[in-house]
Structures are given as C-alpha cells and as structure tokens.
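Chains as they are written, first to last, in the numbering used here: chain G, 113 to 211; chain U, 259 to 491; chain B, 9 to 976.
Think of the hints as simulated: they come from the structure by calculation, not from any bench.
Quantities reported herein were computed from a predicted structural model and do not represent experimental measurements.
Where hints are given, some of them may not hold.
Covered stretches of chain U, as calculated for chain B (at least 3 residues, CB under 8 Å) [claimed, not checked]: (1) 264 to 270; (2) 315 to 325; (3) 394 to 403; (4) 410 to 418; (5) 429 to 443.
Cβ atoms here follow ideal geometry from the backbone N, Cα and C, with glycine treated the same way.
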Amino acid sequence: MKTMTCPLNGVRNISEFVCGGEVRAMPDPASGTDAEWADYVFMENNKAGVVREWWCHTPTSFWFIAERDTVTDEVLRTYPAGDVFTARRDFDAPNEGGA
Amino acid sequence: MVRPVEYARRSFLHRRLAEHGAVFAEIAGAAVADHYGGVDGETVGAAQLALADLSPLPRIGFKGKNAINWLISQGIRGLQADNAVDLQYDGVRAARLAPTEGLVLCDLEAKSGTCARLADAWSLESAPLCFLVPRADSHYWFAVTGARAAEMFAKICGVDLRPDRFAEGAIAQTSVARNNAIIIRRDLGRTLAYDVLGDSASADYMWRCLLDAMAEFGGKPAGLSALRRLAAE
Amino acid sequence: MSAAPYRLPPHPGERIDRDRPVAFSFEGRTYEGLAGDTVASALAAHGVRVLSRSFKYRRPRGVLTMAGQDANTLVQLGDAPNVPADTLPIAQGLEVAGQNYTGSLARDWGSWIAYFGRFLPVGFYYKAFFRPKGIWRFWEPIVRGRAGLGRVDVKAHHRYYDKAYAWHDVAVIGGGPAGMAAALEAARAGADVLLVEENPFLGGSLAYARADAEGELALRRLTQLSGAVRSAGVRVMTGAMCQGVFGENWLSVIQGDRMHKVRAREIVLATGSVEQPAIFRNNDLPGIMQGSAAQRLIRLYGVRPGKRAVVVAANSDGYGVALDLLDAGVEVAALLDLRAAPRSCARSEAARQRGVRVVPRYAPWEGVIGKDGSVAGLRIARIVGHGRCDASDETIDCDLICMSIGYAPSAQLLHHAGGKAAYDKASATFTIRGVPPHMAVAGSMDGAYEIEAAMADGRRAGWDAVTRLGKSAEEPPMASKGGAGWNHPWPVFPHPDGKDFVDYDEDLQVSDIRNAIAEGYDHIELLKRYSTAGMGPSQGRHTALTLARLAAEATGRDIEIVGATTVRPPVSGEKFGHLAGRGFEPVRLTAMHHRHVEAGAQMMPAGLWLRPAYYGTADKRAEAIRAEAAAVREGVGLIDVSTLGGFDVRGPDAAELLNRLYTFNYKNQQVGRARYALMCDQTGAIIDDGVAARFHDQHFYVTATTGGADRVYQSMLWWNAQWRLDVDVTSLTAAYAGVNIAGPHARATLAKLCKDVDLSAEAFPYMGVRMGTVAGIPTRLLRVGFVGELGYELHVPASQGEALWDALLYAGREFGIRPFGVEAQRLLRLEKGHIIVGQDSDGETHPYMADMGWAIAKKKPFFVGSRAIAAQMKRPLPRKLVGFALTNPLDPIPEECHLVVRDGAIVGRVTSAAYSDSLRRIIGLAFVAPDQAVPGSRFMVKLGEKKLIEAEVLKLPFYDPDGKRQEM
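Bound-form chain G, shown alone:
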C-alpha cells in the first residue's frame, strides 16, 4: 500500500485518505457563461503529469492539497489548503454583475 503525508497527521497508509479531485478555480457565478460552468462542473483535465489534487484525511476530516504525478503516481508534496486559498471568497449579487 502506498503512503501519503498528511500535513496535519504525518505519514499514513493511503487507505486513510480520500481523493477529492483536481484543484480547480470555480468560475464567477455572476459573470461565468453556461459553457464555462459546464466545463467546470463536468470536465476533468486528466493531465498526464503533475497535478494539484484535493485529499482528505478521513479520521480527522482534514482537507489538504497534494501535488501528484499522474504518470508515476508519485506524491511530490502535500500542504494545507490555506497555502493556496489565502483569502476569503465572496460572491457578488447576480443583478450587479461581476468582473
């Protein structure tokens, strides 16, 4: 069994984790087109190479981000989600439009 390093709990068997899919930016609900949303909701990049993925350490429900090479299945790096998502996200009201 593979192992993974949880930024909170250290090295654990991969069976303690679940993958939450690729880290992707959500389009702006106010300004994003239907096509952009359809792409965001239904399509995966499925890249061969290093990808950023959401992983959750299930015993602690701790979500973090892993950089994984999908070709070698090697986990290169893991870090807390806060390293990427540094600022609070807010949404504009729909009738006001958005940038």
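Chain G is already provided as a structure; the job is to place chains U and B on it using the hints.
Relative to the frame of chain G, chains U and B by itself:
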C-alpha cells in the same frame, strides 16, 4: 450497589460492561465500571493487557481559529504542537489535535473541575471563534493498558504504536478496525497504556473488536480501580 | 498400520521427532509418520509414490520438489483443496485425499483421456465445442466435471483469519545462508530486522544440500548462522510465506491463518532459486524428482527416496546428490552428466572414488513406466547435438531418477517490485538485471551458488540496506558470484512420441509449445496465454526457462531478447480467508438501541446504523406498521432519530456558509426558528435535506439524512477550505441522540417533562426551536416533523438518550404512547408528500424537477448548484415529481421504479407507493411528463409485461393539506 440506569448520563455500553460482570462505582454523576473481579488480579492482568471503559469521565473539546488561544487564556498549559498532549497541574491532560482544535481529558480520579470550569467559562460571546464541542458525548473513551498493548494494536491499526516509536504523550488520529479513533499514549505508572477515543455510536463495536484482538494475549476488561493502582505504581 | 520401510536411521539435522509417532490417513488408509513429517515425506517413508493425478491427462504424479512449488503433490484436506502435500505437516487424525481422479487414485477411470492426447492439442478449448451450434450444452457438464483442481466445499465453516501490521527497518525474505547473513549484518548495525522464512525452520539449502564431499559443512554453517541470528535480536518468522511486494515496500506475509502486512524501509530478497527439471519422455513419472527433493527427503525427514537411482546431472550439486543417496543406502546405478566434459570438483571426485558410474554426455531419453505407474527404469542415449541424441542403447533399471541440471532464480518478489530478470547466456539462466530502490538481492538468486559466496553476498546486501538507512557499518567484501557451470543451456530432449513435459501442472509437452508458436503465438506473453504454460500452481517456476528456450529456438530470435513472462502476486496459492482477514463490519448503535431490541423491534441497517423497522414479529409486520402509524395519527408516537446527521455551524459567517450550501435564505432567518435545508451538488442535483435551527445569531444546528451525514460534513469542510469564512462546522451526529415525539398528545406528554419552555402553540409555534430541559436533560427542541402531526424533535447528549427515551415512554403511558419505526415513518411522510432524498430523487433531480422550487431563494448571489439549475431551467423540464393515487382501489400497489409510460414510451417512474389508512387509497410519488403533472390528470404505470394501471395526479400533501394538524 451502583446501577448505571440510576443516572441520566450512562456509558455508551453499560449493558456490555454489566455482561462482563462489571461492578460499578459512581463518578462525576454517572456509573463507571470499577472492577470485574478481584482488583489485585485485575491489576496484574492490566499490566499485561486489558481494556477499560472510561466513557463516564469528564472531557471537553474546543474548536475554531481561536480555540487554542482561548484554552491558554483559561490557564491550560502547553498546546504548542499538533498531536501532542500536555499534562496539567491537576492531572488533567490537554491535547492539541489541530491548530484549531483542543481536547481536555480529566484525571483518573475525576477530581479536577477543569472540564466543568471550561464549560462554564465558555460562551459564544465570551470566546469569539472558539466553539465548545461535547466530547463526552461524541466520543467513547477507552483505555488499553499493558505491555502487550502495541502488539495487539498492530492487528487492527495501521500506525506503528510500539513504545520506542510512539512516545508518551503522542497522539495518532487514525483508523482502528475500520473506525476513526484518537489514540493517545498515556502510560500508567510504569505500565504502557493508551487512551482510545472514537465515535460514541461505535463504542460497542470497538469494544468487541478490541477484546477480540486481545484474546490471543489473554487481554480482558479491567475496571478503573486497577488502572488507578497501575498509575500509582 | 505397518512399519515405514523407507525410514532411515536417525542423523543430525533431521526435522522429525523419532519419539512422537503421528497417525493420519491418505485415501482412506491409515499411515504412521513422525512429528515433523510432511504428508509427502511420511507417505514416502511407506513407499507411497502416487500422490495425485495430473490436470489434463490424469497421469499419476508424485514428489517433484518437496518444497511446495508444484502441482504434483496437491491434495484435498477436508474442505480445503489444493494443499501441497510436500509441505503440509502431518497431524494426528489428519484425513488427506488425492485429487483429480474418478474412482480411485491408483486406478483412475478418467485416465483414458491420456490415450486421446493427440486429440487434445494445445489451444484445445479455443478450438473445440463451437460447432455444431448448441453442442456446448452437451459438452459443458462433462468438461465442468473434469475441470478445475480439487473440490470446493461450499458449505465449509467460516474460519477465523486475521491480519496484522508490522514495521521494520529491514525485511529479509528467505532464511537461507544469504538471508541469515544479511539479517545478521543489518541487526548488528542496529537495525530492526525481520527475517521471513517459508519453511518451519531456518536454513534454506543449508538444511538439506551437500556442499562438500564430507557432507557436514552445510549443517555446521546452519548451526552457526541461525544461532547468531536469534541472539542478534532479529525477529524470525518461520512457516511464513511472503506472497507479494507492493507499493513502498509493503509486503504481504502469510503465516498460519494470519496475513502480516509488513512495511519495511529496506528489503533484502534472498529467496534462492528453483531447481529445474530435465525435459524427456515420461519425465513426470512418480519417482522422478529434483536432486534437491531427494536430498530434502533424506536430510530433513530421514526418508530413503528409492532403492536404485539414476542421477541426471549437469553441475557439481548432482554429485552431492549421488553422495547423499549412497549415504542413505540407495544404490546409484549411474550418474548421467549432460556435459561433454564435466568439470572435476571435490564432490565429483568423491563420487567416483565411491564407485559411482559416471556417464558423460548422456541424456535421459525415456522413463520406463512400472506396474504401479511410477518409474521402473531409464532409457539413456548419447547426446549428439542440441537436444538431439543417438538411438537409445541402454536401459537402466531404477525406481528413482534425480535431476540436477540447473537453477532459475526465485525472483517473483523482485518482479512484483518492478525489478527485472533476463536470460543470461553465460550462466544459462535468468539473472537479475535491475533492482528497485530500497531493495537488495542476495544468494543463489543473485548467482551466488556456493555457501560461502551466498553468505558473503548476504552480508553485502545487509550492509547495503543499513547503509541506506544511514547507519554506519564496516563494508564487507564483494562476493564472488555468477559464472558458468551451474546450469545446462539445453536440458531438453524431445521425444518423437511426446510426453516430454515442459509444464507438469498443465500437462504441456514440447510439441504443444512448438505447435503454439507455429500457430503464430510466438511472443512469450501470447505463448503463455495460448498454451497456458506457467499458468498452473507452479506459476512457471519450472517452465519459464524452457519456454524461453523453445521460443527462442522456434523463432530464431536471441533468447536474451525473447525475455520472460510478467510475474504478479501472489507467489503461491493463498486463501480468500487470508485476503478477507478478520472481516470488520462496523456497526453504529444509537443510545436507545437496546430499548428497541427489548421492545421487540425488527432492526434494519441504515448506512452503518441499525434502526427499528417496526416493533413486532415478522409475521405481523403489516399490522405492526399500521398500528404504529395509527398511534401517531390518533395518539402519540415516538421514533428514534439519533441517526440523523447533526452539525453545529457557528461563527460570524454561520448564516453565510448555510446560504452558500443550502438553497434557502438563512441570513434573514430569525433566532428561535427552523428552516428547511435542501442541499444540491454542483450539477444542481438534490443530495441531502434536513432543517437548519437557528439558536443564536452565530449558531445554527443543521440536520442531515442518516446516509448523507458524513458526506455533507466533508463537503461543508471542503467548501470552506476554499472560501475561508469565519465559521466552524462541528459534527454532532453521534454526540446527540434524537427522538421525534409526534401525535395529537405530543404536547401533553412533553409538558409533563419540560417545565422551562412554554410549549403553547403561541409561544412555541410550528418551525420554532428552543433550548430547554426535558426530564432534567439539556435538550434542543425543534418543532418540526416529517410525519405531519404536532411534534417535537428532541436532541439530547447521547449519553443521556436512553434516559430521555425511558422518560418519554413513561410520561406518555396515559396517552397510549408507542414507539414507531422507520416503516411507519415512511408511510406517514408519504401521506405528507415529503420526499426521501435518494428514493424520490436521483442523481439528475434538481429542485424544480422535484416540484420544490419553493425551497430556492431567488435573490441569493450563489449557492452550490445554483448556476447548473439556472442553466437547466432555460430548457423545458424533462419530468416532474407528483403525488398520485390509483384510480382503481383493487389494483396492486406499484413498486419503486415501475415505469410511467405513454404511447409506449417511458416518461417517468414510480418512486414511492403505499396503502394509506388515513386516505383509504393507494398513494405514491412518481416522475411523470411535465404536461401530466397537473392535479387531476391521469397517467399509466406499467407493472409487468402487459399489466397497465391508471393513476391520478393529486395535489400534495395528500394528508392534512393545510397543515393544521402539525401546526396546532
């Protein structure tokens, strides 16, 4: 004779304990399994391998961005590192489970009023971004004691808990027998021991799993008295 | 029982206990062996040679390896088929039977098949039974009756298997000279070392082989090494089979009924090598075995393997075998040396001096079949070329033929880990070509055949491992490895009449392999699959080398390019029990669980939970459900809702988080009020529902469905990991027990126990929430309900849930209170038209499709799924959820997923249906075409092939449409 059903607060598996022949004693407004047979023999057994239910004992948790700071402001010591426990002056132990989560476990005598004091001191207004978590209800609390404990754990837990790899005061939040659990190394006197806390609804399941895993080493249920004796050794 | 005529006098190093006789039976006859014997060795001591019948031709088979590496000795042990008799220890009363025969093992009625061998060509199954059409129906029972190995007892009792983790700095696989030396070196450098040995004792070849003319070196080294290993603190696991190496040095080791899952920072493979058979006609007869098998019989078990032997040799070890045979009192009629000019060594000189007739450049040409089906002689022939011989000019009478012509490395584990082995012409066998990181190989698998070389190689590998661990140790010298002289490059002597077996398990002859190649299956992997060579229990241990040689010869390609087939775990047969292990089945119990059981509830699984379906015996199911439903409608009922998910959402952004996760508006929700909470995923599909109770400006208590709780919790945390709102989500699912007390007398019952909350309709209206005390227990009271009557959900600390339950039942006695189960609740909620997420919705149901547009706040900037719902609402709805009742009261109750059809086309389906006592009709929920969704319109439900029933759309809810009862 103390009976668990005389109290509103009951261990999650008081019937199971009674089936094992538990003799209960009152502690913190509930009935705890004090012993099952002779305390002397149980103490000897617990030095090898035993399982105890501490679920009626007080414990409390706090979560949120400000949880650790608030606990420190309430006089709790330590809490400087994740997944580590700090012993307090009154025998209470405080664990930092995450930068945003603390857990306070009372002493075996349940003499300290720290858990109740923290509960009283806390409110949404007085402790911004710090939130009380009822760990006495969300989690069962077992103790696994004895020299064979790590060997037993190796059958049901994927984390290496051998005493030379898992130090006193260390915490593993992991999976035990396919159930999430918090394992804390907490030796009793000279005896290797671990606290195990997990989903209170799974208490009966986990109790059975642990006893099953213990069977080959002769592990049995032990009461709080035997644990106190070990702690005093 | 009789004396064992082939048992030798005691000698040092034997593994049997002469003082402990053990009786067991084979094929119904009782034999006496000695403790430490295997079934095969004990039978050999009695001269029993036929242990099984072969898979295809039903040829009698006997000992080949004495190492559990082949299918020849597979026997049936009670309900366990395919147990290797050559490693299975005997035990008092053990009952063993042979396999793959009809009638008796000695006279198999099915062995006629061998005479038709030429009609069973390679690829037989791919070619036969196709024509004429339907002929398979005739052949199938016959083929099935003969196919497979052994018998599976489908009624076998469940046995207790389990698993255990282990962690070590260094794991050494193989307890022979190299493995022990490696373990010792690593342990002495301070590493935590595990040594895994498949035999019940350490030693590997040291325990049975003859390394010197005198025959004492191996045992001396064994004593030294094993003693040192144990005193160095190495954890020694004997009788333990390492079945596979997986990612990041994760080893599966099976010992007894336990699978050890070992994580090692470094691995040393010292798994040795497998002696190879010579290929000649009738090379499969009982009595023809590897030289090492004869030595194991002699040295480990004190059994004389025969009376008169021929040794077929191509290396020095063959001469050691001859010497061992002589010492065991076996007459050595001849030693054929395949080599043209055999090299002289101490053992060959000793053999000559003891009068062994050495016949160089002679091949075994044909085994002579004796009366009992085992070997009675060997026709020999002079080798004149590559696998070619002169006409046979001599027959030697013998009852034992020992083959010592070469080795192939046991490199399975190396292959699992991604290492490589390839044919090497110089050493005429597979050699290791690539070793993955954090792994080392040592011993004969690494080409170090001599004992001292193997030990030196092992030391070096152990040193390698600890050096990589960062420990300092003195560097041992390199071992002398490899070199020619151990393996014959072409020990294959095809016979015009065949039965020259390349693969014993699958009864494959040289011609089968050649024919397969001629048919075009000339790639080694295709050749394996088409011919099935190497696919039996031996897994190619004795076949791969010959297969590569034949493929290279037939295709004219270089043997180093032909390569070998892929090797996958497990190394040897393993049981499903080992894989399944202890079989943990977590189950969650509510605080009131035992009260339900005491009350006679039928418990049903709900996720990991157990919930009461109804209270009563199974034969009175319908009555029980009706009575429970009636109690709620007319009196008061109590249901355990502890399994619902519960979350405290707290902090300045609590309302903001809910606003984004659920469809309603929560920002304008008043403190003290509850609001329905409907959750969608990003595609807009409904995934969960519950209520959000606001107890404080910064505190919501949100419930979720039993099955959805864990997912909802994880998704809340996931979203906020991105949004970084000032809010905390705490799961209280297990922390809070919950009951729903419902019915016209609910208030009166509760009032007896709750004094600190004004329960009047004005002070505590429908959808109100309060904190209070019930029966002295701190309680969150939610005036919500699923069943449509006056009711309260009471959420209390789990440790006090049982006390609350008891108190409510006691307080409600005067009103005839009774507990109700999930079944009654499902009926009651159906009468109210409430959906159950996952039953009345599916992965494509958005809120408008479920007619729940009322649950969507239109002016919010965003909620999860809002954008997808908006996009879908630009098109017409494809279907809509409606309430219906059957128009004919005599029609049967439709089932979930019965189709709604119109003009032969499917337009929807039934999602729920039941008979309602309150309405005296069969009611339900169904997806229908949008134009059918108007109350009063009718649609057809297809029940079976032909049966259509009519239903009428009704306005929801069916029961108490104005909600007067729940709001009273």
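Failing hints, ascending?
The structure conflicts with no hint, since it agrees with every one listed earlier.
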